[in-house]
Amino acid sequence: MKKIILFLLILFGIQIGVAMESTVNFDGRVYNLNNPQSENERYVYLLEGEDTLNWTSQLVREHVVESVNPTEAAAELAYKIQAANPGASVLVYPEAATVGYLTFPNDKRYYEYGVFTFKPNGGLGLQKLNFAKRFYSSEFDSIESARQAAIEFAEQYNKKYMEMINQEF
1 MKKIILFLLI
11 LFGIQIGVAM
21 ESTVNFDGRV
31 YNLNNPQSEN
41 ERYVYLLEGE
51 DTLNWTSQLV
61 REHVVESVNP
71 TEAAAELAYK
81 IQAANPGASV
91 LVYPEAATVG
101 YLTFPNDKRY
111 YEYGVFTFKP
121 NGGLGLQKLN
131 FAKRFYSSEF
141 DSIESARQAA
151 IEFAEQYNKK
161 YMEMINQEF
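Mind the numbering: the sequence shown is residues 1 to 169 in my numbering, read in order.
What the hints contain is simulated information worked out from the structure, not anything from laboratory work. Some hints here could point you the wrong way.
Below, a list of computed lysine-lysine pairs in the PhoX-like style, where the Cα atoms sit at most 20 Å apart [to be verified]:
| id | residue 1 | residue 2 |
| --- | --- | --- |
| 1 | 119 | 80 |
| 2 | 119 | 160 |
| 3 | 133 | 159 |
Go ahead and model the full structure; you've got the sequences and the hints to work with.
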């Protein structure tokens with residue numbers, strides 16, 4: 001029985017890889033699939049000219065096999081974000097299995113706003129969807145200006161992106 005389940009998971013993963021769109025239209029922008037041959041079923045979509053080390057906005061679609069409860073997965077992710085990023089602002093929306101966050105690396109070269117949501121994936125774990133936007137300090141007058149821009153963006157658009165990630169991606 002375990003071999004059959006493993007076979008189905010492998011087969012499902014292959015089908016997901018084949019079915020991934022090469023582009024996604026989200027919030028009026030076109031995101032290109034950065035890693036079509038993903039081995040871990042984590043697909044990253046970036047704007048034209050951006051890469052995984054230097055991006056301003058990204059979408060991520062990931063198949064999470066080990067989780068089946070979207071609300072628990074969201075709570076666990078919120079805890080992990082907070083533990084890995086002291087000082088991060090993290091909000092969990094249990095009814096939507098969604099996490100909103102605002103975080104930054106130690107050097108504060110950017111501030112990152114993002115939203116994650118979890119959805120059942122046809123009885124085979126969950127789909128974890130993520131939209132994130134970075135505010136690089138180098139693009140503002142100061143680190144504080146980048147932080148303030150990220151906070152204002154989160155305050156103004158958090159509800160919008162929570163709804164969009166659930167509907168459009």
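Now for the hints, and whether the structure bears them out:
Restraint check for residue 119 and residue 80: the C-alpha separation of about 19 Å stays at or below 20 Å, so the hint holds. A hinted pair counts as satisfied when its Cα atoms are at most 20 Å apart, and residue 119 with residue 160 qualifies at roughly 18 Å. For the suggested pair residue 133 and residue 159, the alpha carbons sit about 15 Å apart, so the restraint of at most 20 Å is met.
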